[in-house]
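Q: Mind docking chains U and S on chain L? Use the hints.
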Amino acid sequence: MRNQGGWLRSFSVLGLAFLYLPIAVLMVFSLNASRLSATWQGVSWQWYEMLWRDEALRTATGNSLLVAGISTVIVLLLGVPAAMGLERIRSRWRGFLEPIFLLPLVIPEVMMGVALLMLFVVLQMPLSLATVMIGHAAFNLPVAIVIIRARLQKLDPRLLEAAYDLGATPWQGFRRITLPLLFPALLGAMLLTFTISLDDFIVTFFVAGPGATTLPLKVYSMIKSGVSPEINALSAVLVMASMGLVGLSLLFQRR
Amino acid sequence: MADLSIDIRTLIKRHGATLAVDHVTLGVRRGEFFSILGPSGAGKSSLLRMLAGFETPDSGEIFIDGQLMAGVPPNRRPVNLVFQSYALFPHLSVAGNVAFGLEMKRIPRGEIEARVAATLELVQMGDKRDRRPGQLSGGEQQRVALARALVNRPAVVLLDEPLAALDQQLRQQMQVELKSIQAQVGITFVCVTHHQEEALALSDRLAVMHQGQVVQVGRPQDLYESPATHFVAQFIGTSNELRGTLRDPHVGQAILTCDHPGLSGKVRVAMPSDLQSGAAVALILRPERVRLASNGEGTAFDNAVPGTVEALRYLGSGWRCVVRITEQIAWTIHLPNHANGLVPWKVGDPVSVQWNVSDGTVLPLP
Amino acid sequence: MMAPSAIARKARKEADGNATAWLLAPGVLWTVFFCLLPLSVIFLVSCATRGTYGGIVWDFSLDNYRDLLHALYGRIFGQSLLLASLTTIICLAMGFPLAYYIARLSPRRQAVWLVLVMVPFWTNFLVRTYAWIFILRTEGLMNTVLLKLGLISAPIEILYSNTAVVLGLVYGYLPFMILPLYAAIERVDRSLIEAAWDLYADRWSVFRRVLVPLTKPGIVAGCVLVFIPSLGAFITPDLLGGARSMMVGNLIQHEYLIARDWPLGSALSMVLMALVMGAMIWYFRAQSAADGKRRAS
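Each protein sequence line maps, in turn, to chains L, U and S. The opening residue of the first sequence carries number 25 in our numbering; numbering runs sequentially from there. The opening residue of the second sequence carries number 83 in our numbering; numbering runs sequentially from there. The opening residue of the third sequence carries number 209 in our numbering; numbering runs sequentially from there.
Same shape as in the complex, but just chain L (with noise of 0.2 Å):
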């Protein structure tokens, strides 16, 4: 398919304009002088100045923080010991566990957060950031589970007799050998999962309490107030924050 060769190229890159384009001209866009945003009078930083003094805004983005954080603790917690265990199961009961734990990656994302309200509903929880987190940390349970296996299934099952040959207890054979070894996709799946809940909208949005206000919750209701530059100078800022984290997993995932 030699001839196709520049019309493929020019398609591709087409292809990735696309997928570009609209948030570079947000970010560009952050910067007009003109509160008529379609229109260019400028530069100014002045949309960037009124987030900083948003109040709500920041308790917004603590509540995010705070969520994304504990979730993340939450799903390592369980998922660690989880992917080591599928690992080890005997197939038959693998075959049996693993779409039980893989259940909430295909379950549709409105649907999760229903169910999860109509759970604490039921059960007469209270909505809170609590019940966030927990709705987080369930999907993102499944997430983390995936990546760390994948490393698992690459270690070498060698090196931990090796570890055990030369006295380790099973305990020590973990933390000195397999702990190491897993430790660039425990931060992989650190960040992921972490951007996941810092990016999660719907789940929030049902099985969020009153007060318990998330960056994304925020965003919305901004953008349900209509077209602003300052949601666009906002997009800027988590654009940037994601691709910050982005690179920073890319880093780790190369070492």
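A few of these clues could be false.
To be verified - Restraint ranges, calculated between C-beta atoms of paired labels, are given here:
id: 1; chain 1: S; residue 1: Leu-359; chain 2: L; residue 2: Glu-79; range: 42 to 48 Å
id: 2; chain 1: U; residue 1: Thr-100; chain 2: L; residue 2: Gly-268; range: 53 to 59 Å
id: 3; chain 1: L; residue 1: Ser-252; chain 2: S; residue 2: Ile-360; range: 21 to 27 Å
id: 4; chain 1: S; residue 1: Asp-271; chain 2: L; residue 2: Gly-268; range: 47 to 53 Å
id: 5; chain 1: S; residue 1: Leu-270; chain 2: L; residue 2: Trp-64; range: 35 to 41 Å
id: 6; chain 1: U; residue 1: Thr-100; chain 2: L; residue 2: Pro-204; range: 36 to 42 Å
id: 7; chain 1: S; residue 1: Ile-360; chain 2: L; residue 2: Leu-101; range: 56 to 62 Å
id: 8; chain 1: L; residue 1: Val-97; chain 2: U; residue 2: Arg-214; range: 28 to 34 Å
id: 9; chain 1: U; residue 1: Glu-279; chain 2: S; residue 2: Ala-409; range: 34 to 40 Å
id: 10; chain 1: L; residue 1: Ser-245; chain 2: S; residue 2: Ile-360; range: 31 to 37 Å
id: 11; chain 1: L; residue 1: Gly-250; chain 2: S; residue 2: Thr-260; range: 34 to 40 Å
It is worth saying that the hints were derived from the structure and are not from the lab. All C-beta atoms, glycine included, are put in the ideal place defined by N, C-alpha and C.
A: For chains U and S alone, kept in the frame of chain L given last:
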């Protein structure tokens, strides 16, 4: 029994329906280089893993240094294993790998440093102590794996196909080194291999395994010169064989009547004391125990069989000559290099293959 | 008599099994409690009755499912399936050439392109959707530019329509299509394509007779990965769609949070779940068929 490093008594291990290890009884003496030799699937890996504690016997006992090993996990056994794939920890340096076992035993830091340094010197890796395993060549990884086992001063070092991952030249060099290191440290080495030349070159004694059973234990020369079974004769070294039936036993000798079409004449063989007349046997002759003469010359040997030179290969130390005896039988014969690398025959020449009764070994066929 | 080693072995196996069970127990309990249990609750609620002021009355019947037969719901389900299918087809048409191009680059460039494809996926979905509002709305960037250039005389009204919804969905889920396709194409031996070429196949035949059959598992995976979230989409139709672009996700949200008819909303969720499971079963069938073929050859 105090001189035994390893004492295995009627050990049995099943893998599904097959007996991977079948009533094995074996003793390894303190300080010797002992090899377990056999084709793949003979059960030697299983035996090694039971010694290391990664597999549990179905029945039988293993004593290491006089201690019963039943229920003792790998991390509490006085043995260390050199893995076939080396299994070096990729996230630790060379020194970190070697220190691992000592750290697990909570040896004081200073002593660890000293022992690691000394052991790395022993395997000539002193200058690469801070490298990662990924930065080492195959031979260097092998040395680190060996050092990681030796540094713990175990009762026994177990080696799983230690040289299999190396190329031919490195292999020969490492054979020599392995042997000299073992002699220096005086620790019992038990090596599992399917490579018979390696086993013969390295071992003080070796055991040949076949289908889960130990078929013969002895020094290399014992196994080569007087194989106990037809399998051992075939597996160790090159062997020429002649199959037939024993007839007319008379003062320690007998006549072998051959089943091969196209082979006339009687072959005189030694009569094994444990066999009866009429037994189906194979006569085994090593390549260097057979002589060639030009056809028609008189002979001073007990046996002479006619054949045709089929191939000649110059080895430096001599010639490897293939002689076709019948349609089914071709023998390999080693001709020593006596003068200027010359042989009096060329391919296609008729020759007479000759040997004495005492040159051959008679073994019953299964 | 049982040899002591046999007893020890049995004990060790049991200890090993126990350790594995302890490793798995917390995760299993968590998943059962916060995933399986909520799904069961939804099922139960879907068979209950709405109270006068919202809430649930545990009066079991299948009335909610019967109510779903109403034409309005049928139209919304039909529209959701249509929009999700359309999104999937467009993603496939766009994704295949892109994935093919990436798979034929040098390994270094492949890595760069893959990261470039992945980065938008890591970016906040709301932000990405909002970008299209900013571009498409009546006084938005596209219309402003086109009007200034004199290419149009009146603004184009795309926002708040099904077109905008499909555009938003394609934009959101295109990476999900490209990645599995790339993985599948990358695995195809280049010499197979050259062999077809050598055997007089033209470009179209190479694509249809060699490339598509060999990459089928990737195609199916990509389609499922795009179709499932598109079908259950909420943000995109909510922000980019008009009054007539409602999809199942919006309907469920509406029944729960606005109409406060939890039983009906639950019944809707169950139907959505059934559709998703259908897609998943199709996916696993196709994958295991492909696996079987690979093993046979």
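Q: Could you run down the list of hints and mark each one as holding or not?
A: Verification of the supplied hints:
1. Separation of Leu-359/S from Glu-79/L is about 44 Å and conforms to the stated range, judged on CB atoms against 42 to 48 Å.
2. Range check, Thr-100/U to Gly-268/L: Cβ separation about 58 Å, and the 53 to 59 Å hint holds.
3. For the pair Ser-252/L and Ile-360/S, the supplied restraint of 21 to 27 Å holds, since their beta-carbon distance comes to about 25 Å.
4. At roughly 52 Å, the beta carbons of Asp-271/S and Gly-268/L sit within the given window of 47 to 53 Å.
5. Here the CB-CB span from Leu-270/S to Trp-64/L is close to 59 Å, at odds with the stated 35 to 41 Å.
6. The beta-carbon spacing between Thr-100/U and Pro-204/L, approximately 38 Å, falls within the hinted interval of 36 to 42 Å.
7. With their beta carbons about 57 Å apart, Ile-360/S and Leu-101/L fall inside the hinted range of 56 to 62 Å.
8. Checked against the hint of 28 to 34 Å, the C-beta distance between Val-97/L and Arg-214/U comes to roughly 31 Å, which is consistent with it.
9. In this structure the hint that Glu-279/U and Ala-409/S lie 34 to 40 Å apart at CB is violated, the actual value being about 53 Å.
10. Separated by about 33 Å at the C-beta atoms, Ser-245/L and Ile-360/S satisfy the suggested range of 31 to 37 Å.
11. A beta carbon spacing of about 36 Å between Gly-250/L and Thr-260/S agrees with the range 34 to 40 Å that was offered as a hint.
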